[in-house]
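Colleague: Here the protein sequences line up with chains A, B and C, keeping their order. So for the first sequence, the numbering used here puts the first residue at 1; every next one is plus one. So for the second sequence, the numbering used here puts the first residue at 1; every next one is plus one. So for the third sequence, the numbering used here puts the first residue at 1; every next one is plus one.
Wrong hints could be hidden among the right ones.
Label-pair ranges, simulated between beta-carbon atoms [said to hold, decoys possible]:
id	chain 1	residue 1	chain 2	residue 2	range
1	B	R11	C	A311	50 to 56 Å
2	C	A422	A	K222	43 to 49 Å
3	B	S49	A	T38	55 to 61 Å
4	C	N211	B	L144	45 to 51 Å
Now the stretches of chain B that chain A is said to cover, found in silico as 3 or more residues with beta-carbon under 8 Å [stated by the list, open to error]:
id	stretch
5	124–134
6	226–237
7	248–260
8	266–273
Hints were generated in silico from the structure; no laboratory data involved. Small disclaimer: the values here were computed from a predicted structure and weren't measured. Quick reminder that beta carbons are idealized off the backbone N, C-alpha and C, glycines included.
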Amino acid sequence: MARAVSTRRKLIVTLLAWTIGIAIFFPILWTVLTSFKTEAEAIASPPSLFFFDWTTENYAAVQSRSNYGLHFSNSVIISLGSTLLGLLIAIPAAWSMAFVPGKWTKDILMWMLSTKMLPPVGVLIPIYLMFRDTGLLDSRLGLVIVLTLINLPIIVWMLYTYFKEIPVDILEAARMDGAALWSEIIYVLTPMAVPGIASTLLLNVILAWNEAFWTLNLTAAKAAPLTAFIASYSSPEGLFYAKLSAASTMAIAPILILGWFSQKQLVRGLTFGAVK
Amino acid sequence: MATAHSRSAARLMISPAVILLLGWMIIPLSMTIYFSFLRYNLLSPGNESWAGFDNYRYFLTDPAFFDAMGNTFILVLGVLLITVVGGILLGLLLDQPFFGQGIVRILVIAPFFVMPTVSALVWKNMFMNPVNGLFAYMATAVGLEPFDFLSHAPLASIILIVSWQWLPFATLILLTALQSLDQEQLEASEMDGAGPINRFIFIMLPHLGRAITVVILIQTIFLLSIFAEILVTTNGGPGTATTNLTYLVYVQSLLQFDVGGGSAGGIVAVILANIVAIFLMRMIGKNLDA
Amino acid sequence: MKRFANVLLCASALSMLGTAALAEEITIATVNNGDMIRMQELSSTWEEMSGHTISWVVLEENVLRQRVTTDIATGGGQYDVMTIGTYEVPIWGKQGWLVSLNDLPASYEIDDLLPAIRGGLTVDGELYAAPFYGESSMVMYRTDLMQKAGMTMPEAPTWSFIREAAAAMTDKDAGIYGVCLRGKAGWGENMALLTATANSFGAKWFDMDWNAQFDSPQWKEALTFYIEMMNESGPPGAANNGFNENLALFQTGKCGMWIDATVAASFVTNPTDSQVADSVGFVLAPDNGLGKRGNWLWAWSLGIPAGTQKAETAKAFVEWATSKEYLALVAENEGWANVPPGTRTSLYENPEYAKVPFAKMTLDSINAADPQNPTVDKVPYVGVQFVAIPEFQGIATAVGQQFSAALAGTTSIDDALANAQALTTREMQKAGYPK
Numbered sequence: 001m002a003r004a005v006s007t008r009r010k011l012i013v014t015l016l017a018w019t020i021g022i023a024i025f026f027p028i029l030w031t032v033l034t035s036f037k038t039e040a041e042a043i044a045s046p047p048s049l050f051f052f053d054w055t056t057e058n059y060a061a062v063q064s065r066s067n068y069g070l071h072f073s074n075s076v077i078i079s080l081g082s083t084l085l086g087l088l089i090a091i092p093a094a095w096s097m098a099f100v101p102g103k104w105t106k107d108i109l110m111w112m113l114s115t116k117m118l119p120p121v122g123v124l125i126p127i128y129l130m131f132r133d134t135g136l137l138d139s140r141l142g143l144v145i146v147l148t149l150i151n152l153p154i155i156v157w158m159l160y161t162y163f164k165e166i167p168v169d170i171l172e173a174a175r176m177d178g179a180a181l182w183s184e185i186i187y188v189l190t191p192m193a194v195p196g197i198a199s200t201l202l203l204n205v206i207l208a209w210n211e212a213f214w215t216l217n218l219t220a221a222k223a224a225p226l227t228a229f230i231a232s233y234s235s236p237e238g239l240f241y242a243k244l245s246a247a248s249t250m251a252i253a254p255i256l257i258l259g260w261f262s263q264k265q266l267v268r269g270l271t272f273g274a275v276k
Numbered sequence: 001m002a003t004a005h006s007r008s009a010a011r012l013m014i015s016p017a018v019i020l021l022l023g024w025m026i027i028p029l030s031m032t033i034y035f036s037f038l039r040y041n042l043l044s045p046g047n048e049s050w051a052g053f054d055n056y057r058y059f060l061t062d063p064a065f066f067d068a069m070g071n072t073f074i075l076v077l078g079v080l081l082i083t084v085v086g087g088i089l090l091g092l093l094l095d096q097p098f099f100g101q102g103i104v105r106i107l108v109i110a111p112f113f114v115m116p117t118v119s120a121l122v123w124k125n126m127f128m129n130p131v132n133g134l135f136a137y138m139a140t141a142v143g144l145e146p147f148d149f150l151s152h153a154p155l156a157s158i159i160l161i162v163s164w165q166w167l168p169f170a171t172l173i174l175l176t177a178l179q180s181l182d183q184e185q186l187e188a189s190e191m192d193g194a195g196p197i198n199r200f201i202f203i204m205l206p207h208l209g210r211a212i213t214v215v216i217l218i219q220t221i222f223l224l225s226i227f228a229e230i231l232v233t234t235n236g237g238p239g240t241a242t243t244n245l246t247y248l249v250y251v252q253s254l255l256q257f258d259v260g261g262g263s264a265g266g267i268v269a270v271i272l273a274n275i276v277a278i279f280l281m282r283m284i285g286k287n288l289d290a
Numbered sequence: 001m002k003r004f005a006n007v008l009l010c011a012s013a014l015s016m017l018g019t020a021a022l023a024e025e026i027t028i029a030t031v032n033n034g035d036m037i038r039m040q041e042l043s044s045t046w047e048e049m050s051g052h053t054i055s056w057v058v059l060e061e062n063v064l065r066q067r068v069t070t071d072i073a074t075g076g077g078q079y080d081v082m083t084i085g086t087y088e089v090p091i092w093g094k095q096g097w098l099v100s101l102n103d104l105p106a107s108y109e110i111d112d113l114l115p116a117i118r119g120g121l122t123v124d125g126e127l128y129a130a131p132f133y134g135e136s137s138m139v140m141y142r143t144d145l146m147q148k149a150g151m152t153m154p155e156a157p158t159w160s161f162i163r164e165a166a167a168a169m170t171d172k173d174a175g176i177y178g179v180c181l182r183g184k185a186g187w188g189e190n191m192a193l194l195t196a197t198a199n200s201f202g203a204k205w206f207d208m209d210w211n212a213q214f215d216s217p218q219w220k221e222a223l224t225f226y227i228e229m230m231n232e233s234g235p236p237g238a239a240n241n242g243f244n245e246n247l248a249l250f251q252t253g254k255c256g257m258w259i260d261a262t263v264a265a266s267f268v269t270n271p272t273d274s275q276v277a278d279s280v281g282f283v284l285a286p287d288n289g290l291g292k293r294g295n296w297l298w299a300w301s302l303g304i305p306a307g308t309q310k311a312e313t314a315k316a317f318v319e320w321a322t323s324k325e326y327l328a329l330v331a332e333n334e335g336w337a338n339v340p341p342g343t344r345t346s347l348y349e350n351p352e353y354a355k356v357p358f359a360k361m362t363l364d365s366i367n368a369a370d371p372q373n374p375t376v377d378k379v380p381y382v383g384v385q386f387v388a389i390p391e392f393q394g395i396a397t398a399v400g401q402q403f404s405a406a407l408a409g410t411t412s413i414d415d416a417l418a419n420a421q422a423l424t425t426r427e428m429q430k431a432g433y434p435k
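All chains should be modelled from the sequences, with the hints used to inform the complete structure.
Modeller: Below, the structure written as structure tokens:
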């Protein structure tokens, strides 16, 4: 029996949901709109929502001052690289924890998560010194390594909760057929795990893209991603709202669009095993 | 069920992750512990000397330390409260049928993708600024004195900004959990004459328990080390009103370049974080097994 | 014939290798201030001229300072040129972290640098950084609002006049605030203003034995004056306003007076950015009749870290960016008013530059500052708005937090001073003073 929903109720819910949705989204919308205003208009009182002289001069100014392409490609390389490397390490670990649980499995998992609670500032100087000595300062490789390690616990956990939902019977059947461990992983497990891996990948790309402590402190010019790009617009002299908005829009747009297009996959993975 | 063979294979497969994380934790941490017993200022190299527990004594007796503990606590709890309650309410709303569900969900999810630095900059300058911000304009438009958020309610303002970033996350998890709720069970209870509030308390809330735990766990991990939002908006002030532990350690090690003191602070923060971790893990462990 | 062609090819390949080795890429870290952004824009001229290339790291001041300090102190070697100030240079120079610039060619005319600025960048006779622009602080005020208030600004105002004028100019309903001053916590933000102001009230950071002096009546007088004046005539949210926020306020016509860096003069008089460009006047920073004015001295300068492999190329860039030719290049492109000020005597002797409305006042303000004798009494430290010891930035930022809280009204003036005294004493003890 489907629940009958009165049209009136549906209309009220629609109105309420849209109002809240727009309110939550408004800061982003406002930023994008401001990025098309002139600096004077950006702080004009009363502010105008849509009816102003649209201009792209801020984007031109930002583009002429900073190498957006470089920062963008650094962000892509660092976030994708660290996520892929993390998956490579985490998939076997999560697999074995999910299917061959030992006495310590849960403790290892919890310990892994607890490493994420270390305040990064506390270990910046040691890491900086180590990076200096290994020549990893201002290198994409260095950032890939650090971000992999930082997000590894989350990756392992997400995959673990995902793998746990795969029925063990299927694996047993495969084993009975004499499938080797690796072929078991490749032919049986992987196809079932792909959605989980995909959403883990998405979430971690987002987390790595937005990571602003290590990416800012371990880079200078060559490996600096978009977080560093934003830092050069954060409080310059004079009026800067419009240029800041343009730079912000450029920094968040790629990940926002990626997130929107893949939101179904993302949402599925975001449950962390919270939904049975 | 597991054979000896698969057990050793499992150990082999788990070891890269464990070894890497162990290395990541132990190497810098042992260096930090070593530094924490030194009188070591980055700006006067060559003057390092053994300091014993001096750094710890100074850090723990610093009046800012207690403020920072309190602020960390309020910040984490405040954001958790807002996002969990807000997330449940929003989840319940979005779970209803209405026009344009897909678009509204896209709107609600968006803040999660925004870099913390960007969101802090945007909120601080374009909304909360008492002269040029939008809130100030709205206040004057209705004849009120503009409220100076970051001076007079600094911690609350940061809680607001951070909650805005994390509300989508909580909403999504809770919404997914709500959607998996057994419709028949709900309908049965409805027929038994249970009102909406009773239905929520006795059927939905227990069902959401697991999801709420997960939201709390994941968010706590990130909220304990909130940094960018504070750095951008208030620099920990006014006074120490928005200094959390992470920020205090930052001040010690990167503003004063006192590596010894900063390291001691870092170790204290690690210990406290681990206490929270153990507490959380207990709670989570119970809930996840169930 | 074929062999000859081969030889030729080899030779040309070799010569290409030669030029490739000569052309270097240097990394320059700088602040996102207007003058530096202009330098970044104009640097393609230098790239074409020298054949070298530059990669820029442009950051907000606080982030930049933290990054370059970490890098130089640990010998990270990520940068070939760093933008640093008169606070860093004496400390870093003493540590041997910077490349000496004494061997710049004669054409650079090192003696043309303003003596006050050059002195601040010299340690034991070695110039460790070349000044890119120098600044002091002065009063910028709206001539139209001053007239409307029926008052006349003297050439060298006193603090009590400023307070009176601020009250007279304030019209909160119209969104006009008599005086805008820094309130944002930070040693380079509110503490620069407050330390310089306190100097003119006879207050000081430390006595000759390095004892903190925030319990002195002079500090109480200075801080009370500042907070009372800001409460009467300052803008809302002043506790979060730094240089940039105040600049935006002044440019949009919301401030009657603004006491801040002389370098701001070119921004507030630039008609494309400033709505009040044609009604701004300049006078010396105020005093309190004790013989010291409340103005500071600062120079953003280009220094070369001692560890760099590309010292020669870096030096060539520093020489170009701080040369007379660079000033002329800016003048040609953007007009004389936008030339980086406060570094060279010859600029102030230039009749073209003398037409710029704030030229004379900038020079007078710079000359009125004396980093060697910053306060009324004798003190053991160097620096007008700072104390040139490594511990200062941490301490002053924490003190700045206290004073910012007092301005916001969340702490009382007495408590703020007591906290400042306690934390300064603590930190100085921890650092092992008196040394």
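Colleague: Of the numbered hints stated earlier in the document, which are not met by this structure?
Modeller: The structure breaks none of the hints.
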